[in-house]
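Enquirer: Throw the hints in and build the complete structure from the sequences for me.
Taken in sequence, the protein lines are chains A and B. Going by the numbering used here, the final residue of the first sequence carries number 727, and the count climbs one at a time with no gaps. Going by the numbering used here, the final residue of the second sequence carries number 1727, and the count climbs one at a time with no gaps.
Ranges between beta-carbon positions, derived for each pair: (1) 122/A / 1089/B: 58 to 66 Å; (2) 145/A / 1298/B: 35 to 43 Å; (3) 1298/B / 99/A: 47 to 55 Å; (4) 1691/B / 145/A: 58 to 66 Å; (5) 178/A / 1551/B: 19 to 27 Å; (6) 1298/B / 118/A: 40 to 48 Å; (7) 1462/B / 172/A: 27 to 35 Å; (8) 122/A / 1303/B: 35 to 43 Å; (9) 473/A / 1175/B: 17 to 25 Å; (10) 182/A / 1033/B: 51 to 59 Å; (11) 473/A / 1204/B: 33 to 41 Å.
To give an idea of the chain A side of the interface with chain B (calculated C-beta under 10 Å), a few residues: (12) 216; (13) 220; (14) 221; (15) 222; (16) 223; (17) 224; (18) 225; (19) 226; (20) 229; (21) 232; (22) 235; (23) 299.
Just a few of them, taken from the derived set where beta-carbon distance is under 8 Å, the chain B residues facing chain A: (24) 1216; (25) 1221; (26) 1224; (27) 1225; (28) 1299; (29) 1305; (30) 1307; (31) 1309; (32) 1310.
Rather than coming from a laboratory, the hints here were simulated on the basis of the structure. Beta carbons: idealized from backbone N, C-alpha and C, even for Gly.
Number of protein chains: 2
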Amino acid sequence: MAKSMCRAVGALVLAIAFLFPSAISVGAQADRGIAGFAPVRVEAELAREQKLRAIPDAAHAESNLRHITSEPHLAGTEGSHRLAEWLRDQYRSYGFDAEIVSYSVWLPQAREVKLELKTPNTITLGTPEQPIEIDKDTYNKDAVMAFNAYAPSADVTAPVIYVNYGTQEDYRALEAMGISVEGKIAIARYGRCYRGIKTKLAEEHKAVGLVLYSDPQDDGYSAGDAFPRGPWRPMSGIQRGSVQYTQIYPGDPLTPGVGSTANAKRLAPADAKNLPRIPTMPINAQDATAILENLGGPHVPHSWQGALPFTYHIGPGDAVAHMKLVMDYQQRPIYDVIAKLHGTNDGEWVVLGNHHDAWVYGAVDPGSGTATMLETARALGELVRSGWKPQRTILMCEWDGEEPGLIGSTEWVEANRAELQAKAVAYINTDVAVAGPNFTASATPSLSGLVRDAARAVQGPHSAGSVYDAWLEHAKRGQTELSGIARTQGGSEKMGEAPVDALGAGSDFCPFLDFAGIPSIDTGFVGDYGVYHSLYDDFYWMKTFGDPTFAYHATLAKVLGTVALRLDEADVLPFDYAVYAAAITRATNDVISRANQLGIQDATTQAVADASARLTASAAHVAQALQRSGYASFDAATENRINHELVSVEQALLAPGGLVGRPWYKHTIYAPGSYAGYAAEVLPGVNEALDRDDAATFQQEAAALAAALSRASVRLDEVAQLANASK
Amino acid sequence: MAKSMCRAVGALVLAIAFLFPSAISVGAQADRGIAGFAPVRVEAELAREQKLRAIPDAAHAESNLRHITSEPHLAGTEGSHRLAEWLRDQYRSYGFDAEIVSYSVWLPQAREVKLELKTPNTITLGTPEQPIEIDKDTYNKDAVMAFNAYAPSADVTAPVIYVNYGTQEDYRALEAMGISVEGKIAIARYGRCYRGIKTKLAEEHKAVGLVLYSDPQDDGYSAGDAFPRGPWRPMSGIQRGSVQYTQIYPGDPLTPGVGSTANAKRLAPADAKNLPRIPTMPINAQDATAILENLGGPHVPHSWQGALPFTYHIGPGDAVAHMKLVMDYQQRPIYDVIAKLHGTNDGEWVVLGNHHDAWVYGAVDPGSGTATMLETARALGELVRSGWKPQRTILMCEWDGEEPGLIGSTEWVEANRAELQAKAVAYINTDVAVAGPNFTASATPSLSGLVRDAARAVQGPHSAGSVYDAWLEHAKRGQTELSGIARTQGGSEKMGEAPVDALGAGSDFCPFLDFAGIPSIDTGFVGDYGVYHSLYDDFYWMKTFGDPTFAYHATLAKVLGTVALRLDEADVLPFDYAVYAAAITRATNDVISRANQLGIQDATTQAVADASARLTASAAHVAQALQRSGYASFDAATENRINHELVSVEQALLAPGGLVGRPWYKHTIYAPGSYAGYAAEVLPGVNEALDRDDAATFQQEAAALAAALSRASVRLDEVAQLANASK
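Expert: The structure is reproduced here in structure tokens:
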């Protein structure tokens, strides 16, 4: 699924991250050093990495993507099963111990998705995407019809109200205008937040249905030339997508918290809290025109006007719509592929993952990730063939059912939680691996230094410099454009580091980080990409616009391989908790000041402040102790214990009971916002309680947060003690 | 003509003015006082004003406007002549001594205005505005075809380049992209700056022609519902307008600086510096679509994308256009109406003015002004009938030829310069008097307090409060929306005064202030108005959208009448030079700091700073002296001398030789920007020299500025001395 944000919002997030560069990483690589490696082992690691980075190859990636996109492969269909089997065989051919792990999950398929305008004239809408002559794949009759996964079957007829992006802010504006969607069909444009949040808000405001459309202002002709002239969404393009309330919990709706194994206890669908109760369907801009042109009522606020060629109105008016959805819900099998490269120490795992199911062809989402992962796997396999044995075990996972609701990853994490929490040192995700030339990364702050170091180690595909150089340059350009301030001369280094964002929602790192507390990374190359979740996200698009030479695929395979090798071979895991503690302290300071403004200033906020200060001190002690040690002086048992403790810090940040109201989400520092889009909500429990002015919940969440921070400090103190003791 | 700005820019200007409210006016009315009136005369003045304000009437204004808009009346046509005669007769019927003053001026009429797309297909463009069934006036065959006044005849064929708004900034962006308009036809959208500046820039960049169009983003369907559903520009609507280089000098191109009387020496047209040398024509958004859709070349920068439903490209590409203009240039007569209400003191004049010529019907521009002026005149006439005799002589002027280039006012001011400079105490202009409900005013800073006081004295048409209350409220709302900050509770008064802008370009105050140094005011009610200079600016539009009850017409007539009465009856003219000096000091501080940044810091900047400080001190002395006097203790001769000196301060700010490069513009503090749109350029000589990095001109202009400020101080010192001496 990956996140889709309008470019402006994306740029803003980028800029904010960029304005507050991380503190200088105490664990960062010194002159010729590598974070986490004893000096004596650095040279061998650099040689190994160089060997690995020579292997990934554009032609291989292209041929992989051509195969991956040879037919539609929606989760729960035979196309997806066939792709899983092919992937398993590919991993096996690279020397991996690969198998398919299947779960039976509650999964809909669409039988009928119908939309009509009833008045002023009857017009049949819900038109499919048009084939385009130059791109033969767009003629395939097996392309799945456009629908929103987990919308219920329904048959409703009602006047229509335009709700802009359908965000909380938009409903507040409607309320101020005295307009209600109760009993109405809402029409919202895509963008600004996850479509499941749009559905939840429409449901909460008592709409009887929701129509989602792609406004050309957001990813169509206003953004740039539309497909096939350019990479943006044509008027006929439809964004499919799930409306599962993954913000409450992702995965199989009937088995929250446990794997959907044969014997798992399943909820009745009526009791599943992550299922929408009102129908939602996606349409293209052409169909939206027919509806929006017929809305009456007041003229919209200026920022609600999109790029269709008429004045937008809020409604209601002449437009009465009829929506009919017939959904076929069944237990259906999904097929994860789990491929292992066994290490010397099988008790520690480095996990990489990417999904393989797609809405239609999914050349970008997720095919570019799958093609890239295969090249990383081939490279690791060749290293093994040439005599290397991984220190830790490397898992490469190809998830099924990500599009309907992160199902394959969630069920696997839930089913293997205890083992993962004991063994997994980190999870590295890619999804939209290549949609353009701009490198982007999100990570738990402990891993931001590792991502930057890996990007520094890899040559950029079309520039003299490294991936990191281009990444920093692009961030600076965005920053400059945003602020309107001319770039300062020769100020590169002074402008901070390339931005690593917080992990939000929208891909398979979610169960790893938010449910199991595994430190995570998500990365890829982004760019001008308007065919998200449409028929047109296909091989032709990639070959023409996204990555014509496939150089970015090969480059990302090298980045992933470098990250994997460093995590695999490090003596002491390269987790930088000083950076993490600094990020947490900024966030707790913000939350305490918000609470103070609302009149809350008591023992709980003091406890959060104290715990945050203690965490900072503990992280500093660890950094000092490890730096003094030079990573060189530990015996194997101590090293193991240090690594075990380092990994456990992230798990210490989980609240055993989860967040109030959504217990599946256990992480106290990061969660997807309940209403706030794809972006990560930082300190979700306390911040959302403050959003709601809910002082009682705030107290409860603040206590849980302080406890989590204290547990993390204990783990860090343990590391410092172990490191100091073995000097 | 009036200025037309896109709403966003308008809001910004408003906000800036609002952020810097004028200093508290020392001459402002005290408890029951009126600025400039001896206490003993206040009660009579208030009674007179109350009587006057009871007279203007919505039904009269409506009937006047219906007559004014009964046929098209472009300058130089019989329609305009007929209207002038009717106006003369109306003023006579109110008791004015009214006459027509005619000038013979160099004026074009359009015989053929043709535009074709030659490739990729031949399409005939230049389509006229479509009639609209509900609005019968739109069927009139006599409606003037759309053209740009003072475009030359020409016949050119060339590829097309899109230049966004065609501003200096846009050409800089094109240059950075390596794209030139040399030998090409440029297509620019209306907005951001005066169309004559767009033409000048296209000419300077060696385009062979310029096509101007109205993008729906700026005043069409993106802004709100288009006519006849709403007040905004329909796809077929065309903005006519002059492209005379009024920024160099306005009026008859052949007689710069002197009146176009029978014996005036005339330039050869080839020597007139305010005439464009490349053809320009206006088209509607429908025709623009045909051209813009066929442009190739790079995709435009994001802010250049308008609201037409496709991706904008810069060109060139397939689109080759053919422009043919046949213009009939002749000496043609124009007809000003000058109506006088003689006062006791015929040696001092209060001048009001408004133009009567229109592009087509001109219900808003200028009909609303003309209908309003007539009601003010009727009210003043009734006061005279009931026994009042004005103290000063009141002139009410109806200008012809404003649309092609402020011709009627400019020629009259040039022809009567000496008498005006000896007698006129102020000029009050209205043009777009009513285009909506929001009061707006521009004025020389000395008069901003008078405008605010008059607005406080007049009841708003649809609210319990005064015109001033609604004006301030609207400004605060704009400010709040702009800043995104919630309004502070009960903070009305703390947020400053309602904003009075600086006088820029685009209406008949220009020759009075910029050429003759007469203190001036321009005022009216504005709002959602997208039919500017089109066929649709007609009676139906006004009756349906602009002012259905004509209450705003009647209200503005009361404001104009109040301003006129106060200027007419004041003992000491209510000119606040403390406010003016503060505005000048802010501007000189800015200019000195700009100069310093460019490395200029010498005797000249010091002289400006000194002169500015001296002006502030002199203005403070005047304020103290007048306040102490209570306006009550002067003998008639002293009062006359004081008033004469007060009026002469504005003339002291003129540089006898005018601005470098455009000697017609003599005012050192205000001028229309040479390139910077409709907005006033403050301290134009020095600022534009700095814009061009022209240090030598800067020195020259700074010296002229310092001399002007010093002359103004001498006049103010004279006032203070007279006031103090007579205590």
